[in-house]
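Please build the complete structure, drawing on both the sequences and the hints.
2 protein chains.
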Amino acid sequence: MKVRIGIDIGGTNTKFGLIGPDGTILKRHRIQTSSFDSFDSFIKEVVEQARKMLKSEDELIGIGIGAPNGNVHSGMIESAPNMPWRYKLPIRAKVQEAFDCPVALTNDANAAAMGEKIFGGAKEMNDFVVITLGTGVGSGIYINGELAYGHDGFAGEIGHVITYPGGRLCGCGRRGCIEAYVNAKGILRTLAEEKYQFPDSELAQIEEKEINVKVIGQYAEKGDSLALHIFEKTGEFLGLTLANSMAYTSPEAFFLFGGITKVGEILREPVHRHMEANMLNIYQNKAKVVFSELPEDDAAILGAAALV
Amino acid sequence: MKVRIGIDIGGTNTKFGLIGPDGTILKRHRIQTSSFDSFDSFIKEVVEQARKMLKSEDELIGIGIGAPNGNVHSGMIESAPNMPWRYKLPIRAKVQEAFDCPVALTNDANAAAMGEKIFGGAKEMNDFVVITLGTGVGSGIYINGELAYGHDGFAGEIGHVITYPGGRLCGCGRRGCIEAYVNAKGILRTLAEEKYQFPDSELAQIEEKEINVKVIGQYAEKGDSLALHIFEKTGEFLGLTLANSMAYTSPEAFFLFGGITKVGEILREPVHRHMEANMLNIYQNKAKVVFSELPEDDAAILGAAALV
Chain A
1 MKVRIGIDIG
11 GTNTKFGLIG
21 PDGTILKRHR
31 IQTSSFDSFD
41 SFIKEVVEQA
51 RKMLKSEDEL
61 IGIGIGAPNG
71 NVHSGMIESA
81 PNMPWRYKLP
91 IRAKVQEAFD
101 CPVALTNDAN
111 AAAMGEKIFG
121 GAKEMNDFVV
131 ITLGTGVGSG
141 IYINGELAYG
151 HDGFAGEIGH
161 VITYPGGRLC
171 GCGRRGCIEA
181 YVNAKGILRT
191 LAEEKYQFPD
201 SELAQIEEKE
211 INVKVIGQYA
221 EKGDSLALHI
231 FEKTGEFLGL
241 TLANSMAYTS
251 PEAFFLFGGI
261 TKVGEILREP
271 VHRHMEANML
281 NIYQNKAKVV
291 FSELPEDDAA
301 ILGAAALV
Chain B
1 MKVRIGIDIG
11 GTNTKFGLIG
21 PDGTILKRHR
31 IQTSSFDSFD
41 SFIKEVVEQA
51 RKMLKSEDEL
61 IGIGIGAPNG
71 NVHSGMIESA
81 PNMPWRYKLP
91 IRAKVQEAFD
101 CPVALTNDAN
111 AAAMGEKIFG
121 GAKEMNDFVV
131 ITLGTGVGSG
141 IYINGELAYG
151 HDGFAGEIGH
161 VITYPGGRLC
171 GCGRRGCIEA
181 YVNAKGILRT
191 LAEEKYQFPD
201 SELAQIEEKE
211 INVKVIGQYA
221 EKGDSLALHI
231 FEKTGEFLGL
241 TLANSMAYTS
251 PEAFFLFGGI
261 TKVGEILREP
271 VHRHMEANML
281 NIYQNKAKVV
291 FSELPEDDAA
301 ILGAAALV
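Quick note, the sequences are listed as chains A and B, same order.
The UniProt record's numbering numbers the first residue of the first sequence as 1 and each following residue consecutively.
The UniProt record's numbering numbers the first residue of the second sequence as 1 and each following residue consecutively.
Certain hints may be false.
[Unchecked claim] Mimicking DSS-like on lysine-lysine, the simulated pairs with C-alpha atoms at most 25 angstroms apart in a straight line are:
{"#": "1", "chain 1": "B", "residue 1": "Lys233", "chain 2": "B", "residue 2": "Lys222"}
{"#": "2", "chain 1": "B", "residue 1": "Lys123", "chain 2": "B", "residue 2": "Lys88"}
{"#": "3", "chain 1": "B", "residue 1": "Lys286", "chain 2": "A", "residue 2": "Lys88"}
{"#": "4", "chain 1": "A", "residue 1": "Lys88", "chain 2": "A", "residue 2": "Lys2"}
{"#": "5", "chain 1": "A", "residue 1": "Lys262", "chain 2": "A", "residue 2": "Lys185"}
{"#": "6", "chain 1": "A", "residue 1": "Lys222", "chain 2": "A", "residue 2": "Lys185"}
{"#": "7", "chain 1": "A", "residue 1": "Lys123", "chain 2": "A", "residue 2": "Lys94"}
{"#": "8", "chain 1": "A", "residue 1": "Lys44", "chain 2": "A", "residue 2": "Lys88"}
{"#": "9", "chain 1": "B", "residue 1": "Lys286", "chain 2": "A", "residue 2": "Lys286"}
{"#": "10", "chain 1": "B", "residue 1": "Lys88", "chain 2": "A", "residue 2": "Lys288"}
{"#": "11", "chain 1": "A", "residue 1": "Lys88", "chain 2": "B", "residue 2": "Lys288"}
{"#": "12", "chain 1": "A", "residue 1": "Lys262", "chain 2": "A", "residue 2": "Lys288"}
[Unchecked claim] Covered by chain A, according to a simulated footprint, are these stretches of chain B (three or more residues, beta-carbon under 8 angstroms):
{"#": "13", "region": "137-145"}
{"#": "14", "region": "234-244"}
I should point out that these hints are in silico values taken from the structure, not numbers from a laboratory.
These numbers come from a predicted model, not from an experiment.
Even for Gly, the Cβ is constructed at its ideal location relative to N, Cα and C.
Okay, here's the thing in structure tokens:
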């Protein structure tokens with residue numbers, strides 16, 4: 001059977017999918033990116049796991065890789081702020097050495113956007129943006145029906161737009177990037193900053209190491225004042241960024257994607273409301289803010305596989 | 001002879017060009033947009049002036065119009081903040097009534113970008129951004145060799161990106177748009193805010209009504225401390241915005257266009273320097289900041305004419 005392998009490399013986990021001719025995921029696997037002490041040992045494991053997925057009768061027609069700061073032109077992961085190893089990692093060449101088939105690389109968020117276009121809620125759209133909310137904040141931007149790569153292959157890093165000049169220190173070394181406000185750590189930082197204003201909140205009494213975005217979501221569902229305030233602030237931060245994004249490429253929809261979105265409407269509603277409140281008049285009430293229609297594990301894997 | 005007419009409508013002036021088959025501008029004309037007390041009287045004059053440009057032997061094959069908030073899809077000028085008349089102005093339909101040829105409308109900044117692509121410094125580029133600096137601040141964004149119109153036809157309003165949340169009040173009614181910092185009025189506002197810090201500056205002694213960007217440029221050339229500081233601040237404001245723009249579409253070059261750019265290197269250098277200082281590491285030293293290669297009057301007229 002003709003098969004493809006899609007690999008979605010994230011700062012925390014790396015996910016593999018074996019994809020059949022009709023686009024179904026036949027097998028899945030995952031390893032922990034952050035558990036490897038060098039890029040070489042990580043790549044060795046990636047190659048071994050990819051090989052293990054194949055049966056002797058499978059004909060491998062391509063491997064597509066999505067990775068933070070993965071560059072479609074150079075085939076390298078370049079200075080990704082949320083990867084355990086920095087600088088230029090020649091991932092396409094290293095995987096290519098081990099397999100006798102085409103290997104392609106793109107940004108993990110671009111892979112998610114390709115997945116949304118081919119298999120998800122953006123099938124009929126020409127202009128849309130996928131925002132990935134996880135360890136980092138990434139984006140894939142479709143314009144005129146095509147993914148925007150830009151001159152250097154790195155277009156679509158909305159997470160590193162400086163939304164608040166002089167604001168929070170970001171993993172990239174600059175201040176005020178929206179990633180520092182709305183990635184998983186950023187939301188916990190908002191909690192740490194705001195909790196003292198909510199002495200009656202149950203959530204405020206819990207030890208910080210016990211808290212993650214899912215826990216905040218559970219307290220918000222129960223009406224906890226601090227938890228609700230955290231999503232209100234997160235909505236304010238991300239909503240302003242989406243309003244600004246509108247002034248660049250005026251998409252039909254913003255798709256929110258990634259682990260953080262599992263909390264659901266309690267996040268989506270304030271993001272949408274603050275986007276509208278900050279929008280230039282000509283753009284008001286035009287763009288949707290919706291969740292990705294693909295299971296988180298599948299979109300980036302399928303998108304990456306669609307590269308080859 | 002087969003001719004086209006290009007019309008560039010700005011908040012202050014409206015410029016006309018009669019364009020021959022080889023793209024040369026055969027005749028030019030201009031009227032003052034702000035001198036008309038209604039949209040109807042303005043349109044009547046536009047039609048009359050366009051007619052006057054034609055000789056009896058000319059065959060008019062099309063009219064292209066560039067205007068602030070001109071929408072390629074609807075043919076209307078919609079809520080342009082720097083036009084004397086607000087709301088929806090059906091300019092394409094009104095001009096179409098008077099002429100028996102195709103009439104097309106786009107944003108004035110998009111027209112400038114089309115002019116740059118077809119006749120200027122962006123001929124060989126697929127990914128670039130034109131920023132128009134004048135009464136307003138507009139932009140035209142090329143991605144993958146095509147102008148980005150977005151889902152609603154209004155993509156590319158970088159002037160209305162909120163670069164400084166809670167900052168200066170903008171003509172659009174919101175706060176912190178970059179237009180409020182780097183359009184002609186915004187630069188004078190910077191002067192008004194900063195002049196008291198420069199008691200020894202000659203420029204600081206001059207009555208404000210005598211000052212415009214050209215005058216500030218002349219003082220800067222003489223080394224006036226306040227004048228140099230104004231361009232430094234303007235560079236900081238616009239440079240940060242260009243660094244953020246890079247994270248959206250990663251262009252090969254930013255072309256600065258419009259009246260303000262006549263001051264030259266004294267503006268360009270700090271914009272470029274502050275862009276690099278604010279840039280995410282993966283984008284550093286990649287994008288050019290250059291002036292438009294087209295005479296200001298020609299780019300938007302030729303770009304508009306290229307629509308038809």
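Each hint, compared with the structure:
| no. | hint | verdict |
| --- | --- | --- |
| 1 | B/Lys233 / B/Lys222 | holds (18 angstroms) |
| 2 | B/Lys123 / B/Lys88 | violated (34 angstroms) |
| 3 | B/Lys286 / A/Lys88 | holds (17 angstroms) |
| 4 | A/Lys88 / A/Lys2 | violated (32 angstroms) |
| 5 | A/Lys262 / A/Lys185 | holds (16 angstroms) |
| 6 | A/Lys222 / A/Lys185 | holds (23 angstroms) |
| 7 | A/Lys123 / A/Lys94 | violated (33 angstroms) |
| 8 | A/Lys44 / A/Lys88 | holds (17 angstroms) |
| 9 | B/Lys286 / A/Lys286 | violated (34 angstroms) |
| 10 | B/Lys88 / A/Lys288 | holds (23 angstroms) |
| 11 | A/Lys88 / B/Lys288 | holds (23 angstroms) |
| 12 | A/Lys262 / A/Lys288 | holds (18 angstroms) |
| 13 | 137-145 | holds (count 3) |
| 14 | 234-244 | holds (count 3) |
Going through the hint list in order, the structure does not satisfy hints 2, 4, 7, 9.
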